[in-house]
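Now for the letters of each chain:
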Amino acid sequence: MQKILLIDPEKCTGCRSCESACSLFHEKSINPALAHIHVVKMETSGLYIPIVCLQCERPICEDVCPVKAIKRDQKTGAVVIDTDVCVGCRLCAIYCPFAGPRINPKNGKPLKCDLCNGDPTCVKFCEPKAIQYVDATQANMIKRKNAAVRFSELVKNLLGTL
Amino acid sequence: MADTESSHDPGRSLRGIENMLKRKIAYIDLTSGKITAKEIPREMRKLYLGGRGINTYLRYNLIKPKIDPLGPENVLLVGAGLLGGLPSLGSSRCDIAAKSPLTGAVGSTNMGGFFAAEMRFAGFDHLAIMGKSEKPVYLWIHNGQIEIRDASHIWGKDTVETQEIIRKEHGDDEIKCLVIGVAGEKLVKFANVMTGIKNSGGRTGMGAVMGSKKLKAIAVRGTDSLEVAHPEELLEYCRQLNEKVLSTKWAQAEKRWGTLIIFNNTNTTGLIRVKNFQLNKLEDSEDLEAENIERYSIGVAGCFGCSVHCRHRYVLKESPFGPFYDEGPEYTTQGAFGTMVYCKRFETLLIANHLVDRYGLDTLETGGMIAWAMELYEKGIIDDKITGGLKLEWGNEQVVYELIRQIAYREGFGDILAEGPLGAIAKIGPESGYYCIHVKGMSNLQSDERPTPSFALGIATSTRGADHLRSRPAYDLYGLPEEVLEELVGGPVSSDYTSYDGKSRLIWHQELLYSVVDSLGLCKFQTVFLGFNMPKWEEYSKLIYLATGIKLSKADLMQIGERIYTLERMFNLREGFSRKDDILPERYFKEPTPIGLAIARGKKIDREKFEQMLDEYYALHGWDKNGLPTEETLKKLGLDKEPSHML
Numbered sequence: 000m001q002k003i004l005l006i007d008p009e010k011c012t013g014c015r016s017c018e019s020a021c022s023l024f025h026e027k028s029i030n031p032a033l034a035h036i037h038v039v040k041m042e043t044s045g046l047y048i049p050i051v052c053l054q055c056e057r058p059i060c061e062d063v064c065p066v067k068a069i070k071r072d073q074k075t076g077a078v079v080i081d082t083d084v085c086v087g088c089r090l091c092a093i094y095c096p097f098a099g100p101r102i103n104p105k106n107g108k109p110l111k112c113d114l115c116n117g118d119p120t121c122v123k124f125c126e127p128k129a130i131q132y133v134d135a136t137q138a139n140m141i142k143r144k145n146a147a148v149r150f151s152e153l154v155k156n157l158l159g160t161l
Numbered sequence: 000m001a002d003t004e005s006s007h008d009p010g011r012s013l014r015g016i017e018n019m020l021k022r023k024i025a026y027i028d029l030t031s032g033k034i035t036a037k038e039i040p041r042e043m044r045k046l047y048l049g050g051r052g053i054n055t056y057l058r059y060n061l062i063k064p065k066i067d068p069l070g071p072e073n074v075l076l077v078g079a080g081l082l083g084g085l086p087s088l089g090s091s092r093c094d095i096a097a098k099s100p101l102t103g104a105v106g107s108t109n110m111g112g113f114f115a116a117e118m119r120f121a122g123f124d125h126l127a128i129m130g131k132s133e134k135p136v137y138l139w140i141h142n143g144q145i146e147i148r149d150a151s152h153i154w155g156k157d158t159v160e161t162q163e164i165i166r167k168e169h170g171d172d173e174i175k176c177l178v179i180g181v182a183g184e185k186l187v188k189f190a191n192v193m194t195g196i197k198n199s200g201g202r203t204g205m206g207a208v209m210g211s212k213k214l215k216a217i218a219v220r221g222t223d224s225l226e227v228a229h230p231e232e233l234l235e236y237c238r239q240l241n242e243k244v245l246s247t248k249w250a251q252a253e254k255r256w257g258t259l260i261i262f263n264n265t266n267t268t269g270l271i272r273v274k275n276f277q278l279n280k281l282e283d284s285e286d287l288e289a290e291n292i293e294r295y296s297i298g299v300a301g302c303f304g305c306s307v308h309c310r311h312r313y314v315l316k317e318s319p320f321g322p323f324y325d326e327g328p329e330y331t332t333q334g335a336f337g338t339m340v341y342c343k344r345f346e347t348l349l350i351a352n353h354l355v356d357r358y359g360l361d362t363l364e365t366g367g368m369i370a371w372a373m374e375l376y377e378k379g380i381i382d383d384k385i386t387g388g389l390k391l392e393w394g395n396e397q398v399v400y401e402l403i404r405q406i407a408y409r410e411g412f413g414d415i416l417a418e419g420p421l422g423a424i425a426k427i428g429p430e431s432g433y434y435c436i437h438v439k440g441m442s443n444l445q446s447d448e449r450p451t452p453s454f455a456l457g458i459a460t461s462t463r464g465a466d467h468l469r470s471r472p473a474y475d476l477y478g479l480p481e482e483v484l485e486e487l488v489g490g491p492v493s494s495d496y497t498s499y500d501g502k503s504r505l506i507w508h509q510e511l512l513y514s515v516v517d518s519l520g521l522c523k524f525q526t527v528f529l530g531f532n533m534p535k536w537e538e539y540s541k542l543i544y545l546a547t548g549i550k551l552s553k554a555d556l557m558q559i560g561e562r563i564y565t566l567e568r569m570f571n572l573r574e575g576f577s578r579k580d581d582i583l584p585e586r587y588f589k590e591p592t593p594i595g596l597a598i599a600r601g602k603k604i605d606r607e608k609f610e611q612m613l614d615e616y617y618a619l620h621g622w623d624k625n626g627l628p629t630e631e632t633l634k635k636l637g638l639d640k641e642p643s644h645m646l
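So the protein sequences, as listed, match chains A and E. So the first sequence is numbered by numbering that gives the first Met the number 0: it starts at 0 and just counts up by one. So the second sequence is numbered by numbering that gives the first Met the number 0: it starts at 0 and just counts up by one.
Heads up, a few of these hints could be off.
The calculated lysine to aspartate or glutamate pairs, modelled on EDC-like cross-linking and capped at a C-alpha distance of 16 Å, are [claimed, not checked]:
hint	chain 1	residue 1	chain 2	residue 2
1	A	Lys27	E	Glu232
2	A	Lys128	E	Glu242
3	A	Lys105	E	Glu242
4	A	Lys27	E	Glu235
Because the hints were derived from the structure by calculation, they are not lab data. In this text, all values refer to a predicted model and were calculated from it rather than measured experimentally.
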């Protein structure tokens, strides 16, 4: 089964180690502006939301790419951009509902998560486990369970039970 | 010492413009508006690393003796650590330095958050800000460019509003700011500098120096890469170090409760100041203990590159100041607005923490001054006439909130307290001085060091005045085997924390270690301080090599630590400080601790043994009996030609 990054914003502590490590792995230097993952922070309310490509089953970015630079890597299942083919039109970033691809400030081309050849670096640096690498079905079950736990809290409050 | 850049470094050659070592220093003159930037020579890195080290060099070289700390001649120094930005060891720390308006000695403070890393991405490692602007300004630093911008519209705003306004102005939420609040503008002698919601450089009044220059904020944003020497190995080593840190019990405790957990330990033992300095343990402390944070916390938060995440994010839904979100509070605040002022409600901590954050005040100094005033009021040394009718009774949280406001705005009695220990004693009268728990004019943490001679020596010798973060060897409390202690510090040390034996060596070692940690820009909670198995010399040596290609052995690093600490000492000596100032408040020698566990009860510091520790301590540093570095020491450290104006 295809493995994906499961993001849990409730666990994110906003340390941005994922960004630093991601750029160190891909760019061989540290630069959050070039990291494929980005923790968007609502600092005054204390909310931290990691944004990264979700490796969609039917990627819009692939559909809209006019030069067919975006393809699925058969080994990892990641949707990857061939930067040699990419012309930097940024349609992928514009159409993606989650802004998965981000724009490289140095050359204007999109950057996106390629799952590090099946061993994502960010996961290894995420101490609170806000990013986990799990198979898609399991990810779905984990989210369902978390939703059910939150729902049960509401029900408990309503019914006044223990 | 073998250097790798020129010859056979198997790593990538670091000659690119984005080389980690090519970050610049900018000299910014706010009087003339002139800005220049230059590279930091590699030689400087080998002598002082970065952060506090290079700031120490700049302080000694750029600040002329005996100047007015709040005049245009003072120089505000902002420095990122040499290893800032790594995904490990909380490599987020920013060192801010000047001559202190609070003490007249070394001004030095250190904060976490995201500012230092962003400053590096913007192309700069150090800023030296001189002169004084006529009207309020802020600095806008982005990808190698520095502009001085008008700040008239943000003057008077609180620390968080200021950052929000600047971000909106530039339409970029990723901008990081170092700011002052109202307290800095009003030149409160212990005004802090802040970044984010609560990351603060609290000590020695660096916010007042900013305020005196009419500098409201420094905003940074950048997209330059930090090229490193050995990227693959560095990435893997950072991961291993995170694992090592997280394997310690302290990291596990810290990441759940933050520094609040220290309170449960020290208060139970009897190592905490209560009612200023009248008791050393709060008996009914349930509501101040760490676990209470869970009622308000929405989760923890980390600084850049941290795997521990010791800071709580909390919400208080009802308070006299309305509902609010904030971060913290820390151990320091449990004392400052808890035990020291005899307030026993956790929500008091949450509210006072919020107030000092927004006004931009050092939590510790603010609480220290209020606790002192409360004791003076109780003893009848001050009365309603001077307090403007405020009844400074123990545990009166409304009075605490009001005094925080008065201090920040320098109104009423707060205007006197805003002067800090030395200024306030001068105004209130010499009789009050005995009750003030300060060294060199800076208030101490809420810790009571009478049962722990090592801690006591550390606050006496600290170059920035009473302070735990210059040297505190918290592991001295753990009763570690003496062989283990000896291996760490290179000489015999008693494992009994009430003993004086070998404790000078412990303090000397920690002073060198923390000098290096502060220069690398790493977090002290991830070195040998609270947790004994945390990374130290050997790990730093490897990390520096993998990141920069510079080879520095443990001995080299210890010498760098010695150089930094001795140069700080030389700054203080030049300002007129000497052995007479390496002293404890008189109460430490006179009043024994009244309560606590048997081991901590009935303790006071033995004057003779203290002086003996001081002698040993000077000898370890290579200083003479008066605390002056010997000629031989100066030569050995290459300090004999200072000021040398190499930068």
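Structure-based check of each hint:
Between Lys27(A) and Glu232(E), the direct Cα distance comes to roughly 11 Å. Compliance with the 16 Å bound is thereby established for this hinted pair. Taken as a hint, the Lys128(A) and Glu242(E) pair is honoured in the structure, with Cα atoms around 14 Å apart against an allowance of 16 Å. For the hint pairing Lys105(A) with Glu242(E), the CA-to-CA distance comes to about 34 Å; that exceeds 16 Å, so the pair is violated. For a cut-off of 16 Å, the pair hint linking Lys27(A) to Glu235(E) stands: about 12 Å separates their Cα positions.
The structure fails to meet hint 3 from the earlier list, while all remaining hints are met.
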